[in-house]
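Could you put the whole structure together from the sequences, leaning on the hints where they help?
Residue numbers (full-length UniProt numbering), protein chains in the order written: chain A, 1 to 438; chain B, 1 to 438; chain C, 1 to 438; chain D, 1 to 438.
Keep in mind that the hints were calculated from the coordinates and are not lab data.
None of the hints are false.
As a list, the in silico DSS-like pairs of lysine-lysine whose alpha-carbon atoms are at most 25 angstroms apart: (1) K362/B - K8/B; (2) K184/A - K362/C; (3) K305/B - K66/B; (4) K330/C - K362/A; (5) K184/D - K247/D; (6) K330/D - K184/B; (7) K362/C - K32/C; (8) K330/C - K330/A; (9) K330/D - K330/B; (10) K362/D - K330/B; (11) K184/D - K330/D; (12) K362/A - K330/A; (13) K330/A - K184/C; (14) K184/A - K330/C; (15) K184/D - K32/D; (16) K285/A - K296/A; (17) K362/A - K184/C.
4 protein chains.
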Amino acid sequence: MVTVGNSKGLKIAVIGGGSSYTPEIVEGFIRKYEQLPVRELWLVDIEQGRHKLEIVGELAKRMVAKSGLPIEVHLTLDRREAIAGADFITTQMRVGLLEARKWDEHIPNQHGVIGQETTGPGGMMKALRTIPVLLDICRDIEELSPNAWLLNFTNPAGMVTEAINRYSKVKSIGLCNAPIGLQKRLSEQYQTPIEHIYTEFVGLNHLHWVTRIEVDGVDRLQEMLDNREDYSAKNVPPSEWDPEFLKGLGGLPSYYLKYFYMTDIMLEEQVESMKANGTRAEVVKRVEDELFELYKDPNLQDKPKQLEQRGGAYYSEAAVNLMDSLYNDKRDIQTLNVSNGNILDFLPANASIEVNCLVTNKGPIPLSVTEVPEQIKGLIHAVKTYERLTIEAAVTGDRGIALQAMVSHPLVPSVSVARTLLDEMLERNKPYLPAFFE
Amino acid sequence: MVTVGNSKGLKIAVIGGGSSYTPEIVEGFIRKYEQLPVRELWLVDIEQGRHKLEIVGELAKRMVAKSGLPIEVHLTLDRREAIAGADFITTQMRVGLLEARKWDEHIPNQHGVIGQETTGPGGMMKALRTIPVLLDICRDIEELSPNAWLLNFTNPAGMVTEAINRYSKVKSIGLCNAPIGLQKRLSEQYQTPIEHIYTEFVGLNHLHWVTRIEVDGVDRLQEMLDNREDYSAKNVPPSEWDPEFLKGLGGLPSYYLKYFYMTDIMLEEQVESMKANGTRAEVVKRVEDELFELYKDPNLQDKPKQLEQRGGAYYSEAAVNLMDSLYNDKRDIQTLNVSNGNILDFLPANASIEVNCLVTNKGPIPLSVTEVPEQIKGLIHAVKTYERLTIEAAVTGDRGIALQAMVSHPLVPSVSVARTLLDEMLERNKPYLPAFFE
Amino acid sequence: MVTVGNSKGLKIAVIGGGSSYTPEIVEGFIRKYEQLPVRELWLVDIEQGRHKLEIVGELAKRMVAKSGLPIEVHLTLDRREAIAGADFITTQMRVGLLEARKWDEHIPNQHGVIGQETTGPGGMMKALRTIPVLLDICRDIEELSPNAWLLNFTNPAGMVTEAINRYSKVKSIGLCNAPIGLQKRLSEQYQTPIEHIYTEFVGLNHLHWVTRIEVDGVDRLQEMLDNREDYSAKNVPPSEWDPEFLKGLGGLPSYYLKYFYMTDIMLEEQVESMKANGTRAEVVKRVEDELFELYKDPNLQDKPKQLEQRGGAYYSEAAVNLMDSLYNDKRDIQTLNVSNGNILDFLPANASIEVNCLVTNKGPIPLSVTEVPEQIKGLIHAVKTYERLTIEAAVTGDRGIALQAMVSHPLVPSVSVARTLLDEMLERNKPYLPAFFE
Amino acid sequence: MVTVGNSKGLKIAVIGGGSSYTPEIVEGFIRKYEQLPVRELWLVDIEQGRHKLEIVGELAKRMVAKSGLPIEVHLTLDRREAIAGADFITTQMRVGLLEARKWDEHIPNQHGVIGQETTGPGGMMKALRTIPVLLDICRDIEELSPNAWLLNFTNPAGMVTEAINRYSKVKSIGLCNAPIGLQKRLSEQYQTPIEHIYTEFVGLNHLHWVTRIEVDGVDRLQEMLDNREDYSAKNVPPSEWDPEFLKGLGGLPSYYLKYFYMTDIMLEEQVESMKANGTRAEVVKRVEDELFELYKDPNLQDKPKQLEQRGGAYYSEAAVNLMDSLYNDKRDIQTLNVSNGNILDFLPANASIEVNCLVTNKGPIPLSVTEVPEQIKGLIHAVKTYERLTIEAAVTGDRGIALQAMVSHPLVPSVSVARTLLDEMLERNKPYLPAFFE
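Quick look at the structure:
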């Protein structure tokens, strides 16, 4: 379609460029080059990530070299240099690294609560660690590339996006691989191109329901609800949905909703899995170590297959598609995390929601949702309450608000458990929470 | 103030007139006679309650005789006769009697869930049993006394009131003794008349927060939050609030909120109390038996002191005050259960809420709430979601909706527990749930 | 894209098939045949229109014959036969014919008020005549083709669509040629395909503002506001916009907004034009007579050029495009008249608005509007108030409500003028307003 | 009731103390002394008002002396001295004096538009002159008496109050004599005390409808609508309402609504009245001159009867009642101008509306409105749109916004008239509009 912008090509900054995911996004840029002419790709990381940045950065350079495309790959520890004049900025950070994630998962489990890095008390800690860092990055963007789009993958993506939209002027969109993942699955299952599929997402990041599924113009929602075993994600332990419950739910639940609807079974599985394999963080750590071993191989010029087992399949595809649509004004429909406006009439206008959007080069325009099933409203509002309090706690460093946030989370069973978790987790995250420990 | 209505005096119908509470309301009518000239008091009950109706009815007659007032007391099993031409109708029913309550409390406890007759799965069963009966009574009122006010005390009062407001044309108001109870307590504690106290209630029936407490023009909310041990209700097991949590909550919580905020402790207490004393239903049953023994005494001409230990203190005072204000257009402020309108902007207009109202003789006019603390919105919406699904299930007899309702309740930990509870409880309540077993 | 529906081809019913516009839509079906395989085209009209139906129907048959396509053209006076089993139904009716329009324009002018067939008192009369007839048609559709889409062009399209959506179960969409007309103009002006243009419409039918205009990704709104003389419609008398006013308005106004913003000048022009040429209705009558003379020519096998001067350019293109997108699930963006939902937060959910929609084969999904300029909210709400009262008057035949509607219209200067207009116009329209004269 | 605050008595500041109304408020303080123990009454004016301040100030002193009460009357030109530590501050200002008012009335009339000092273009000029001065006063209050209540009578009271609430931290309430005036009239007409009357106001200042009128518990709205000649205000020219129109309106209209509903007749009356008596400003000027002649009489120790003909009857009674209820936490119902919150769901939360409030010593709590008739919503929103744009113009001095405001006013017939009026009126008000002429 229409092509606008810098005629010499685009500057992209990837914050957290030393991540094991980087080869995915590099592959994406190479594949989409015709639509999305990247001229400069800046991979930026912090001092502790220098080693990984070098390994993955060298692989990126080899991948580009093989492609023969005129993309310059820059590696840097200087964030401001990477951000200055960028057209698109993505973040794939993990404040506190996998070590912090380990405790996000472990401490709750020890107290009989779901331990998960985006949902539950773990996600709250991740938000408290991450939001101040992201807002700090936004200060740089406001100064150095105020017209850039910030595409945020950093979890918990819903809260991070809302924090950015409320506390900065940066143009930001949150995104997740779940929507594209569902469409890929439907495309395969029904043997039809993705363009022939329509899915309507209602809810929040990692707390959505898919309330319309149309494939080749035929309503397939009920069929999908009946074949419930099919849509478990790889990085979420499997477990059985109650068929009558699903039938009445009015939408295909996000796999993260298992933590809310099957809390007992999921907790049991977590505890057993931890005994067998350690926390999910430790599992991921081993996978990552293996990946970096592979990346070091000077003969490797492609994204290795093994990366796909890492969990975040389609992340880079989602990112590159979004950049393409923003850059080229494609006006296709993508499911994104944006400010609510009037879409869900029971949430504030500035609350982030996950919703279908028409993507124009002025940004995403959310589509109305056809219908919000009565039975999901309470849970959406309960989790959004927790999210808003968490954001406020992250910005202020106020323990009192953090306690209210923790108590408000539907997976936390009581004030006394909330207090125990909060005290223990804040203490454990002390190095990453300056606002709480000044 | 202004006096309107039937110049010959008022006709009152008390549905469930055989209740042990009846002497309270009779005492209220005698005390308020000057403002509220009752001419006919109809106590109506069902066949199974005939014996209790006779005992308590005879006591009522003796009480009136002693007062020397020209009030006629009628006892009847014919509901339509009692309703015809009534000015005010109150309900104090217990569909399924205390036997049903016992199971409302017992079954959840057996599955590790709070067992309580208004909150949690027990309250849901109570709603399923009660709503159809109340709507049936409303059909009679629509026909026989369309201008009557129906004052509904029958629990769960919030859901019952919403069901009536949505599915009948009867003018109905739900009320609870908690608001007047708090004001009595404040009046005593600060040694000032109730007229000098202002309390603002926000939320739902049995799920409210008092967000403003002013005594003699001085803000006492924070002080009350600090003296948290003071405000436990007699019929709710005591247990300690976390002081920091209360401080940040922004409102004095209803004592029923302990079930949500201290689920673990409350459950433990219930289980222990059951071991020691049986269910709360069984305790109440013993108290009631003793009361009826007292009532039988032909020399008794007054409400016996022991009734006050029964639990629902001030119920009749609340009822008589409300009738007085409606009848005399008093325009005082009372906390009532009415339709939301625009008060809470995240709930539907026809949702029942508990809110301060100006009481005029055209009915209550809700007052704006000064502020709704962010931290309570999610829980209010979650419980209202459960309530609306429960009402829909009660009206339709649809098990699928009942399952969604049960799952939506914040005290029910998972779909599998919800299903177990629902199946067991529906089966146990079979005689009272014709819509589910047709 | 995806093709669904009747494999043997589509049945289309055109109500008001004897209209001079019919050759346009026939041409559209021929041109789009590959995407939209019409098998049966039913042109239906009333007894008074029999002669015109025959003339235009024969032309339609010659056009189809020339195309060589297997489309059957049916002419009928039996509406039910035409509707039964139809896939798409369009309406292009004029209850009361051009004679009624003449008075819609003439009477207001005589009292110093804008005389216009869709805006002002004329539009109100048109709505009162048309809504009951359309609702009657809807009763047939509910019975005979409940899955059909009713595409409503009949003016006042906003009110008619809202009436259908509120008082019937028919799936209906209102549409207007203004949006496609603007895009055609922009496409020509900027020499770029329509797909490279994005326009955002905010408001109501014939009362919209275009608040975003992007051409090849470049914001052109301000430029368009500066070249204000360019966008007058052919069937609206020209007249000059105040440049400073436009600059601050925040959106390109619909040409019908001249009646609101330049009432004095427009009225003067109407009065002068009437002196010179008679009412617009009379002008149109002459054009139509000439058209039908042309249509009679048995050698004519194409839509004659002269039809384009008739005024409703692009109507059939809009209709055929919409059918194509509904049938083929094209998911393109079209500007349509649909129920508001939450889009404009100050209007009721069931109010019709004109808004960009994604067109899927389950119907249009409205897009959020980026921003509603403060300065247009009052006028939108004022006109919508008038519209809702008019719809209520049309459905009930209540003169009191009709008076409130007339007074509420911003172009009616006082209650006394409203009363005069209403009395005179109701009387004149007596044959078409049975609900008012029973 | 409860008495709080400064035990030594209250400090009151009257800004615009040299007004001819001052004797009214002094009389009010004397009459209410027992409930409202005023210790210091500060009358403050500007240099140009020094002479009038001295005359009226001396009268005030004589009135207090006669009463024998320990109230100190202070006259000053130092606003900050008057404000410092005040408990209540009232404003009764006229920026530009009656000379400015004359042009507010005269210029619109010259262009065929209603000339009125609060409604129409005149009111807009008054708002542009007044809002910056009031906000300047608010800066002083924020600094010198942050806990004071500012009771604003200064017209246009709705816009001024909204401006204060949006652009300062001062606790402010707008009030008008219309509500108390209606109650006085009803009290007299039905021979019953005001306490037995309930009236519900819906709308904006000088743009309200009274949708409930209950006297001694009996609905009298329809009766009042039938006796329409009764309720014309003295300072508004009389003229006849259309009976059928009123019957269907659903509320008793404010007398200012005649300017909207009978624009033609009212304009004619204004033009004729101006020919006969000059503008209303000139009439008022003569009355004021006469009043000050009276005030000078050293033997005068009371408010002279003639003041009552001045027009603002009950203003001081309204003010003193409001202070009494705020100070003594009376919790009676008063009709006030406050922020909308959720009361009217189609207006922003921070829009000022005129609404019944419970007056507590923490401020007014708005009551829900029972129902908003459909037919008044559009006009309310149209005028509020004009008001919000006017406030924005006043604060920014932006001519473009001022033009949008003028065009948005329902009494201004077209953009060209708006532009003419705006240019002429801004020029005439140049000395009072520094923001526009910097």
